[in-house]
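> As you go down the protein sequences, you meet chains A and B in turn.
Per the working numbering, the very first residue in the first sequence carries number 1466; after that it's consecutive.
Per the working numbering, the very first residue in the second sequence carries number 1466; after that it's consecutive.
It is worth saying that the hints were derived from the structure and are not from the lab.
A few of these clues could be false.
Any copy will do: because identical chains look the same in the list, a pair fits if it lies in one copy or spans two.
Only pairs whose alpha carbons sit at most 30 Å apart, straight line, appear in this in silico DSS-like list of lysine-lysine [said to hold, decoys possible]:
hint, residue 1, residue 2
1, LYS1585, LYS1486
2, LYS1516, LYS1649
3, LYS1613, LYS1527
4, LYS1746, LYS1527
5, LYS1585, LYS1649
6, LYS1516, LYS1657
7, LYS1580, LYS1752
8, LYS1486, LYS1746
9, LYS1649, LYS1486
10, LYS1746, LYS1585
11, LYS1613, LYS1657
This one's a predicted model, so the numbers in the text were calculated from it and none came from an experiment.
Each chain is listed here by its residues.
Protein chains: 2
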Amino acid sequence: MHLNLSTNQAKIEVMTDIDFKSYLETRQARIDAAMDRYLPREDTYPVSLSKAMRYSAFSGGKRLRPILCIASFECCGGAGDGVLPIACAIELIHTYSLIHDDLPCMDNDDLRRGKPTSHKVFGEAVAVLAGDALLSFAVELVLAEGGKSLGSGLAVRILTDLVRAAGPAGMVAGQVVDIESEGKEAEPETVKYIHTRKTGALVASSARCGAMAAGAIDSVVDRLSTYGTKVGLAFQIVDDILDVEGSFGKLKSDSRLDQKKRKATYPTAFGLEEAKAAAAKLACEAKDALADLGETAAPLRLLADLVVNRSF
Amino acid sequence: MHLNLSTNQAKIEVMTDIDFKSYLETRQARIDAAMDRYLPREDTYPVSLSKAMRYSAFSGGKRLRPILCIASFECCGGAGDGVLPIACAIELIHTYSLIHDDLPCMDNDDLRRGKPTSHKVFGEAVAVLAGDALLSFAVELVLAEGGKSLGSGLAVRILTDLVRAAGPAGMVAGQVVDIESEGKEAEPETVKYIHTRKTGALVASSARCGAMAAGAIDSVVDRLSTYGTKVGLAFQIVDDILDVEGSFGKLKSDSRLDQKKRKATYPTAFGLEEAKAAAAKLACEAKDALADLGETAAPLRLLADLVVNRSF
Chain A
1466 MHLNLSTNQA KIEVMTDIDF KSYLETRQAR IDAAMDRYLP REDTYPVSLS KAMRYSAFSG
1526 GKRLRPILCI ASFECCGGAG DGVLPIACAI ELIHTYSLIH DDLPCMDNDD LRRGKPTSHK
1586 VFGEAVAVLA GDALLSFAVE LVLAEGGKSL GSGLAVRILT DLVRAAGPAG MVAGQVVDIE
1646 SEGKEAEPET VKYIHTRKTG ALVASSARCG AMAAGAIDSV VDRLSTYGTK VGLAFQIVDD
1706 ILDVEGSFGK LKSDSRLDQK KRKATYPTAF GLEEAKAAAA KLACEAKDAL ADLGETAAPL
1766 RLLADLVVNR SF
Chain B
1466 MHLNLSTNQA KIEVMTDIDF KSYLETRQAR IDAAMDRYLP REDTYPVSLS KAMRYSAFSG
1526 GKRLRPILCI ASFECCGGAG DGVLPIACAI ELIHTYSLIH DDLPCMDNDD LRRGKPTSHK
1586 VFGEAVAVLA GDALLSFAVE LVLAEGGKSL GSGLAVRILT DLVRAAGPAG MVAGQVVDIE
1646 SEGKEAEPET VKYIHTRKTG ALVASSARCG AMAAGAIDSV VDRLSTYGTK VGLAFQIVDD
1706 ILDVEGSFGK LKSDSRLDQK KRKATYPTAF GLEEAKAAAA KLACEAKDAL ADLGETAAPL
1766 RLLADLVVNR SF
C-alpha cells in the first residue's frame, strides 16, 4: 500500500506494520534533515558549543515527540513542511533537558543511548551551556522559522504552549520533584506528578502543537491534548517497567540505574502488574480520544500502541 | 523639579542628580513589584524551585538592564506599564545566566552580592533547574503578558531579539569563550568577543527592546542599539577595572576572583589606562548615538555616565 499522508489523506485506509515502519522512518529522516539545516554548523565559533549542541541533537534519539507533533499535524489536515520548525524545536527542548538531566549534580549518567553523555565529552560547563543554548535556540526557531511558515499568530500560540510545558509548571517541576524524591519511598501521587510533568507535559504539548499548527479548532486540539497526555504518561510508565524487567539495554545506558538510585517509579509505587495494566489502559484511552478523527489518525493510534508495546 | 516621564515628557528639561536618583529608585520599585506579581508564589509546588527562582530574582540586583529597557521605551515616547513584562523578562534572563555562571563547574562562586549563591542555598541540581525555569518563564512572560500589553506582533519581534541575544550567538557564546579562556593569555580580540556577547548582547537588546515596545521606527531602534552596545561593553570594562582596583566590594563577592582565576579581562589585555580610556570613549559614543533624540533621552545619557563613573 502506498503511503502518502501529506498529499492525499483519503488514500489511507489501513496502515500495515510495514507502512508504519516506513512512516516512522520517513518522518525521522525529515526531522533529522531539518535539524541539520537549522542548527549552527559544527565550525561555528565557539566550536565546542556548536559541536556540543549537535552531538546531543544527533545522538540516536527516536524522535518520538517530533513524530507525534507531525502525526498530529497531519491528522488535523496539515500538509507539507510548515510544521518542521515546531517539531524540531520540541526535539531540541527535549535534548536540552536530557543534557541537564545527565549532569553529575542530577542523574550523573556517563552514558546515554550507549554514547558518552555531553558532560563526559565536552566537560560540565559546556554541557550546561549547550543545554541553555538549545533552549534559547528552540525558541528562536519557533519564532523565526515557525513564524515564517505558519504566521506569527500560530507561532505565538504554539510557543506559549511549549514553554509552559517545559518550564516551572511542567518539565522542570517534574525534574525537581524527581530529584528530591530520590532514595525516598515516593507516594503514588508523587510518582504520577513527576511522570505527568517530567515526560508527559512535553509529549502532550507535542500533540497539541501539531494540531494547532494545522489550524485545528479548539475541540480537536483538546482531543489531541488528551491523547498526548495519556501517551506521555504511558511512555514513562513503560520506561519504568522496562527498567525493572531489564530489557532496556538498547535505550538505557545503565540497566538498573533508576532502580539503583531508588528513583520514584510506577512499578515501585503501584506494583509491576498494576503498572502494566495502567499503561495498557492509558493507550486505550489515548486512542479513544481520537475516536471520531477517522483514518487520518491511524499513525497516532499506532504510535500509542508502539509506546506501550515497545521493548526498547 | 518634578519628574513625571511617563505621563508628560515635555516637562523634563534638566535632570538633576536628585531627579536621576529618584528616577532610578521609582523604576527599580516598579520592576521589583512587577517581578513579584509575575513570578510563581513562594509556596507554589515544588516549593524549592519557586523559592530558588525568587531568591535569585530578589537578591539585590541593580536592575540595570530593565531600567535601560524602560528608559529606552520612555525615550521613544512609550508610557505606562506595557513595557514591564519585557523589562522583567530581561532581568529574569540575566538572573538565570548568573545562577548558571556561579555553578561549581563554571565560576564556582559561593557568594554573589554578599549573599550565598543559589547552589549554596538550594543545591546544584535545583540551581541548574531554577536557571532553566527562569529562562522558560521569561519567554512565557513576554508572550503572555507582553503580548497582552503590546500586541503579539511586537511581542514576537522583541522576543526574537532577546533570545538571539541570550542564545548560542550571544550571551551563551560569550560565557563559553570566557570559560575556555580561563588561565590563558587572552588576545585583545577574544576579550572584546567575550564582553560584547557575555554582557553586551543582553544590554544592547534591552535598549532595543524598549524602543521596539514603544513602536519606534527602525532608524531610532538602531540608535538605541548602538547606544546599548556601547554601554554594555563599557559596563563590562568598568567591571574589570573595578576588579583590578579593588573597589568593588559592594558588587563582587570575592574581590579579586576574576584576577585570581586569570580571567580574560580588558585591563589585562589592553592595560589599565587604555581600559579606562576605552570605557570613557564608549560612554561618549553611546551618548552621541542619542544626539538627536532630545531631552527624553536624558535618563539614558545619565545611565551611560553612571555605568562608567560608578565605584560599585
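> Now, for every hint given, state plainly whether the structure supports it.
Status of each hint after checking the structure:
1. LYS1585 / LYS1486: neither (33 Å within a copy, 49 Å between copies)
2. LYS1516 / LYS1649: between (38 Å within a copy, 22 Å between copies)
3. LYS1613 / LYS1527: Answer is within; shortest intra-copy Cα gap is 27 Å, inter-copy 37 Å.
4. LYS1746 / LYS1527: within (23 Å within a copy, 54 Å between copies)
5. LYS1585 / LYS1649: both (28 Å within a copy, 23 Å between copies)
6. LYS1516 / LYS1657: between (36 Å within a copy, 23 Å between copies)
7. LYS1580 / LYS1752: For LYS1580 and LYS1752, neither the intra-copy (34 Å) nor the inter-copy (52 Å) Cα distance is at most 30 Å.
8. LYS1486 / LYS1746: Close inside one copy (24 Å), not across copies (64 Å); limit 30 Å.
9. LYS1649 / LYS1486: neither (40 Å within a copy, 52 Å between copies)
10. LYS1746 / LYS1585: The answer is neither: 39 Å in one copy and 44 Å across copies each exceed 30 Å.
11. LYS1613 / LYS1657: neither (38 Å within a copy, 34 Å between copies)
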